[in-house]
Amino acid sequence: MSLAQALEIIQSARGTATGEPFDAGLACGFTPLHLQTFFHAALQSRLTRPVRLHCGIFGDLIGNIEKFPAELHAGAVVIEWGDLDSRLAFRHLGGWRPAHMPDLVATFARRMEHLESAIRVAAARFPVAVVFPALRLPPAFFPVNARASAAALALEACVAAAAARLADVPGVSIVNRQELEQRSAAPERHDLKAELFSGFPFTRAHAEAAAGLLAELIVPRPPKKGLITDLDDTLWSGIVGEIGPRGVSWDLEHHSQLHGLYQQLLDSLSLQGVLLGVSSKNDAAVVQDTWRERDDLLLPRERIYPLEVNWGPKSESVARILRTWNIGADAVVFVDDSPLDVAEVQQAFPSMECVLFPKDDPAAALALFYRLRDVFGKDRIEADDAIRMESIRGAQEFREQAESSGERQDEFLKGLDATITITLPPPASDTRVLELVNKTNQFNLNGIRYDEALWQRMQAQPGAVTAAVAYRDKFGPLGTIAVLHGLQMGHCLKVTAWVMSCRAFSRRIEHALLRFLIEQLQIERFSFAFEKTAKNGPTQTFLAAMMGEDVARPVELDRAVFEANCPPLFQKVVTS
Amino acid sequence: MNDIDARLRRCFSLTFPDLAASEIPSAEQSRIQGWDSVAAITLVTLIEEEFAISVDLDKMPELTSFVAIREYVSGAA
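Order-wise, the sequence lines are chains A and B.
Here the first sequence stands for residues 1 to 576, numbered as in the numbering used here.
Here the second sequence stands for residues 1001 to 1077, numbered as in the numbering used here.
Be a bit skeptical, because a hint or two may be false.
[Stated by the list, open to error] Anything over 12 Å on all C-beta distances counts as not near chain A; from chain B, calculated:
1. Arg1010
2. Cys1011
3. Ser1013
4. Gln1033
5. Glu1049
6. Arg1070
7. Ala1076
[As the list claims (entries may be wrong)] Partner residues are not named here, just some residues of chain A that face chain B (Cβ under 8 Å, in silico):
8. Met1
9. Ser2
10. Ala4
11. Leu7
12. Glu8
13. Gln11
14. His34
15. Ser198
16. Ile239
17. Tyr450
Everything labelled a hint here was simulated from the structure, so no lab data went into it.
Quick reminder that beta carbons are idealized off the backbone N, C-alpha and C, glycines included.
Between the sequences and the hints, there should be enough to build the whole structure, so can you do that?
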């Protein structure tokens, strides 16, 4: 992106971006100049809301962080060596004497502590993304360039240790140095002429790369949710229907290690909650035999659901998998070694990312593996991630049995042995809560989405009530499947956000949650900030059933009316 | 209006979005409130990108009007 293109993005948003401004802070010790422009443009290109950027004063990195306005939605911090000791800055002549080095290292470490503390304080209020020093250290050290100086290594160790500590702090995200290296090669980062003239040390290319990564961390794209893979010459090397389960391979000996690495990657992705499905033109019995006979497969059979093995068009198999998962095509990646099958699925699902498995090109395969890590990447792995596949499989069994139970619904629900666990309030570190609020469409009170900073502020309001609901029954756990947020005013609960995963429908969990709140908080009246959206029909149906009349806007539900219309509940409700 | 003029106008309008198109040919640093040191560097960087030239930083104090910049770019491009 050129500077002109960045300015065009910023200026065109002035006429088109709508809604509440997204307030972002940028703190650096140098004059932000083009970094500010690229950062503003990178944020704006990821948002439909207008971006308002707040920058501090030249020369005072820590002060700039400490003076971040409290109402920011996010902050970005760009650190350079000179921010931690001015003797490492090119605009300062503080001396590079060998005798200075012990003091330089000690000062650097103390200043890093102070900086780390300022970042922690800011991150308690809003998300903060950080770039640690990316320029080459100045020629301040006495060994030849080929030899690492002990002092320089001490500075780098100090930076690495601080980055590792901060990476574990909720709300802090650290820009990956290796990814920055991919986008901005080290020798091309520093512009000494610009630094001496204007105080801006980065080349435009490096400013753009750093700004882009910061924006990715601050406004991340939602991760993809599922991957559908082919088997022959993709998950393993060879055509299993021709050479049999013992003939397929994924190892160095058979020059098919790429397939082993792919299996290893899928295994890891499944454990972070990515749904894995198979679409293969094959004999189903042979495929079942392969998993039975080859216990050296790195991807266990139980991590894949569903397995669509047939001779029909792949697009039809993919459609069935999407229905089972109940997710959109745009949340899924399809991987296959056949260009024809990739094209056929891509035509049927234009929004799906359909990728050719490059079985004969290790470099392309490695690029694909990094790409898959990126599109499925998440900040942290929650307990719910590990049970997602089990939950979908259980939900499918539930649907089949619920449908066959017909009018004996009460009897069916009674036999579920269901337990609802309500956490009131959930810990701030539980990222699943806000994720659920922002991705649920059908049972959603009003469709309003929240950014992390606003959600944190809502939790801190006096009278705030937030409940996270987890569920399990004889079909298995569903994990955290509902979130309700409101403000309690006396015996009235004003509910502003309420979502429930569609996997949890038809179990009367929504009824159980309201009854729990009535009993636990002595609620006599609910005031629901309901707004009809294009997709929240299930919420409308539920409220209409509770009210005994159609609803189209915010409604109030008295305890007596709820009790009169609430069907029998059979779940055991516990708190955590 | 020649090609250099049109491309230079674009650099000015990106740097000073509030400046009317008709005001650009007579633009002078002393009469434009937002033409500070940051804007000056932004403008020079845009000109470097647009004309694929490297502006001599020592010349920057002289580049204080559209006319002066046009003359400089005409000589350098």
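Hint validation: A:Leu7 versus chain B, beta carbon distance must be below 8 Å. Holds or violated?
holds, 4 Å
Cβ separation check - B:Glu1049 to all of chain A, threshold 12 Å
violated, 5 Å
Holds or violated: the hint that A:His34 contacts chain B, with Cβ atoms closer than 8 Å.
Nearest chain B Cβ about 7 Å off; hint holds.
Taking 12 Å as the cut and beta carbons as the points, is B:Gln1033 off the interface with chain A?
holds, 18 Å
Is the claim that B:Arg1010 lies outside the interface with chain A correct, judged by CB distances over 12 Å?
Label violated. Min Cβ-Cβ 7 Å, cutoff 12 Å.
Should the hint that A:Gln11 touches chain B count as held when the rule is a Cβ pair under 8 Å?
Given a least distance of 5 Å, the restraint on A:Gln11 holds.
Cut-off 8 Å, beta-carbon criterion: hint that A:Ala4 touches chain B
holds, 6 Å
Does A:Met1 hold up as a contact with chain B if the rule is Cβ-Cβ below 8 Å?
Since the shortest Cβ distance to chain B is 11 Å, the answer is violated.
Outside-interface status for B:Arg1070 - nearest CB in chain A farther than 12 Å
Label holds. Min Cβ-Cβ 18 Å, cutoff 12 Å.
Classify the hint on A:Ile239 as holds or violated, based on whether any CB of chain B lies nearer than 8 Å to its CB.
violated, 53 Å
Does A:Tyr450 hold up as a contact with chain B if the rule is Cβ-Cβ below 8 Å?
Since the shortest Cβ distance to chain B is 31 Å, the answer is violated.
Quick one, is the A:Ser2 hint okay against chain B at 8 Å, beta carbons?
holds, 5 Å
In this structure, the hints that do not hold are numbers 1, 2, 3, 5, 8, 16 and 17, in rising order.
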